[in-house]
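A.B. asks: Spelled out from the first residue to the last, the chains are:
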Amino acid sequence: MDVPVSVKVPLAVKFWTRWRMKFLLCIIFALTFILPKTGIINPYIDMVLIYIGINMILTISLNLVNGYMGEFSVGHAGFMALGAYTASLLSVWVIPDSLNSYLFPLTVVIGGVIAGAFALIVAFPSFRTRGDYLAIVTLAFNMIIKSAIENIDGIGGPRGFMGMDKMTNLPWTFVWVCITIFLARNFIFSNVGRGVLSLREDETAAGLLSVNTRQVKVLTFVFSAFLAGIAGALYAHELQYIYPKGFTIAKSTDMLVMVYLGGIGSIGGSIMGATVYTVVLEALRSILQFAGISQEWRQVFAPLMLIFLMIYRPKGIMGMREFSFLIPEAERFQKISLNPFSKKNRNRKKSEELKS
Amino acid sequence: MNLMTISNLTHWFSGLRAVTDFNISLEKGELVAIIGPNGAGKTTIFNLITGVYRPTSGQINFEGKELVGLPTNQIITSGIARTFQNIRLFKELTVLDNIRIAQFASVCYSPLEAIFHLPGFHKEEEKIRSRSMEFLHIFDLEDQAYTISKNLPYGQQRRLEIARALATQPKLLLLDEPAAGMNPAEVEHLIELIQMIREQFELTILLIEHQMRVVMGIAERIKVVDFGQTIAEGTPIEIQKNPRVIEAYLGEEESK
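Chains as they are written, first to last, in my numbering: chain A, 1 to 356; chain B, 1001 to 1256.
Treat the hints loosely; a few may be bogus.
Pairs of lysine-lysine, DSBU-like flavour, derived with a Cα cap of 35 Å [unchecked claim]:
| # | chain 1 | residue 1 | chain 2 | residue 2 |
| --- | --- | --- | --- | --- |
| 1 | B | K1171 | B | K1150 |
| 2 | A | K315 | B | K1127 |
| 3 | B | K1127 | A | K14 |
| 4 | A | K8 | B | K1123 |
| 5 | B | K1171 | A | K315 |
| 6 | B | K1127 | B | K1028 |
| 7 | B | K1091 | B | K1127 |
| 8 | B | K1091 | B | K1171 |
| 9 | B | K1091 | B | K1150 |
| 10 | A | K14 | B | K1123 |
| 11 | B | K1127 | A | K8 |
| 12 | A | K22 | B | K1127 |
| 13 | B | K1127 | B | K1241 |
| 14 | B | K1091 | B | K1028 |
| 15 | A | K245 | A | K166 |
| 16 | A | K315 | B | K1028 |
| 17 | B | K1123 | A | K22 |
Bear in mind the hints are in silico, worked out from the structure with no lab data behind them.
The structure presented is a predicted model; accordingly, all values stated were derived computationally and were not measured.
Generate coordinates for the entire structure from the input sequences, incorporating the hints supplied.
C.D. replies: Next up, the structure:
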C-alpha cells in the first residue's frame, strides 16, 4: 500500500481540489441556461440532450438491480410508465396551472414514489428465490401495467394522455441527473450498497455474514424503481404526450442495452452507455432517412446490439470500474478507478498482469 | 455455562438421511472437533445450525433461544459465525470490503441517512473502517486492505475468511476444514492462529477437520460422525484408541 507522504499543500490548491467538481457543475448548470437561449444549442440538440439525461437516470436505475445486485429485471419501462402517468395526471388534473412550475419537483418526486410503491408490491413475492424468477415477474409486470393503462379510458386508454406543459427543460434535466448520480453513488458506497455487492458475489455467504439479504434486495429494487419513476415523469413533461405503447418491453430492452453497453456495476458506465446509445440511435435516424430506408429498422438495432455486446464485450465500456470523481473521497483508494489518460493506471494494469 | 445445545437433530435430503439424531452440548469457551469420513454429514450439521438448511426435526438452542426456523442473518447476529470448506470470499471485492460487509448488522445508520450523506453516516462509516482495519491488523492483512481478495495468496485467503467471520462478532465460531489444502508449515500457523483468536475473542469453537494434527493438537473434545450418526465421543486420547473410530476410518481388522 502506498503510504501517503505528508507534503505542505498550498491553500489555493487544496481549495481547488476540494471544490473543482462543484465549480464545474455550476458552470455546466449555467451553460444549460445560456446555450439554448443564445441559439448555440438548437431545439433539436436541446431535445437530444434532454433525452440523454433521462436515459442516464433510467440506465443508472436499472444498473442498480442488474449490474450491482446481479439480479435481472426486464420490466423497468413499467415503473417508468407509472412515474410518467402519475406525474402527468397530477400536473393536468390536480395542480392548478399557476402553481405548475413551482410544484414541478414535487410532481416528479411523487411520480417516483408511486413507482417505488409498486416496486414494493412486486418485490415481496419475487425475491423469495433467486435467479430468473425476477425476470419473469418483471416481464409480466411490464405487460400488466401497459394493458392496464390501455384499458382505463379515463386516462386516455390506448390513445394516450396529454395536456402537460413542457416543464422538462435542459437545466431541470441536468439537476435531476446530478441528484440521481449523487443518490445512487451514496447508496452504493454505504452499508446497504456493500450488501448489494455481496449479493452479486455470493448470496449464501452474504447471508452467513449477517447481511439481511431480503431487506437489501427489496430496498435496492424500490430505490431503482423510484429513479425509473422520476425518469418517466421527466419524459412525460418533455414529450407532453404519453401513450401505453411507449412503455412496452421494447423500452425496457433499450434500457438493458444502455446498461450493458456502458458496463455493469458502474455509474460512470451508465452515463457513457446512455450517451453513446442515444447519440447512435439519433444518428441512425438521420442515416436511415438519408438512405431512404424505413425507420422501422431502428428497432432491429437495439436487440442486435445487445446480442453482439453479450458475445464480444460482456463487460461493456467500463464494467465494474468507476471514474474516480464518482467515488466518495473516503473510498477513493480502494476501487479501481478508471482514467484512460492516467499513466498510473496503465502501469498498475501492467503490474497486475505480470503478477497473475 | 452452557452456550449451545443441539438435540435430536435430523435431516433428510429427499430419501437420503444425512444427519441422524445428532446431539451436542457446548460449554462456553470449549473447543470441540467433529471428525468423520467424507460424506459423513459434518458440513450438513453446520448448514443446519446456520439456517442454510432447515432440519427435518430436532432443536438447536443457543443461549436459551431456539434457532430452528430463523432466517440465516438472524442466526448470525445472535452470535454464530462460520467459515467455509471451499473458500467463499467476495472475490471481486477488496479485502477491506469483505470485512466491512461482515459488519452489516452492526451498522446503525438508516439507508436514508446514507443516500443523503447526513452527518451520522460519516461518523459511523469512519467507525466501521477503523474497526475493520483493527481486524486486518490482528490478522496481519493490513497491507492488503485494498487488494481485490481473489488476488491474495491461498494462506491469506484462509486467514481473511476467519477474520471476516469474526467481524460479525460471534460467540460461537464454526470452522469448516480450515486446514484444507494447507502445507505443514501453514497448518502450524493455523493452529497458533486458532488458539490466539480463541483467547482474544473469548470464543467457543466447533471445528470440522480432517487433519489429525489440528484436531489432536487443539480440540478438548472430539465427536466422531459417520453416515450421519455419532459413533464416538471423548477426549483426543480416548478417540485414538476407540475401535469403532479405527474401523470407520481404516476399515475392519479382519479385512486386512
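A.B. asks: It remains to establish, for every hint, whether it holds in the given structure.
C.D. replies: Hints, verified against the model:
1. K1171/B / K1150/B: holds, 28 Å
2. K315/A / K1127/B: holds, 34 Å
3. K1127/B / K14/A: Holds: K1127/B and K14/A sit about 26 Å apart, inside 35 Å.
4. K8/A / K1123/B: holds, 27 Å
5. K1171/B / K315/A: violated, 41 Å
6. K1127/B / K1028/B: Holds - the C-alpha atoms of K1028/B and K1127/B are around 29 Å apart, at most 35 Å.
7. K1091/B / K1127/B: holds, 24 Å
8. K1091/B / K1171/B: Distance ~26 Å between K1091/B and K1171/B Cα, so the pair holds.
9. K1091/B / K1150/B: holds, 5 Å
10. K14/A / K1123/B: holds, 23 Å
11. K1127/B / K8/A: holds, 27 Å
12. K22/A / K1127/B: Holds, at about 27 Å.
13. K1127/B / K1241/B: violated, 51 Å
14. K1091/B / K1028/B: Holds. K1091/B to K1028/B sits at ~33 Å (cutoff 35 Å).
15. K245/A / K166/A: Measuring from Cα to Cα gives roughly 21 Å; hence the hint holds.
16. K315/A / K1028/B: violated, 49 Å
17. K1123/B / K22/A: Given that 35 Å is the threshold and the Cα spacing comes to 23 Å, the pair holds.
Hint violations for this structure: numbers 5, 13, 16, all remaining hints satisfied.
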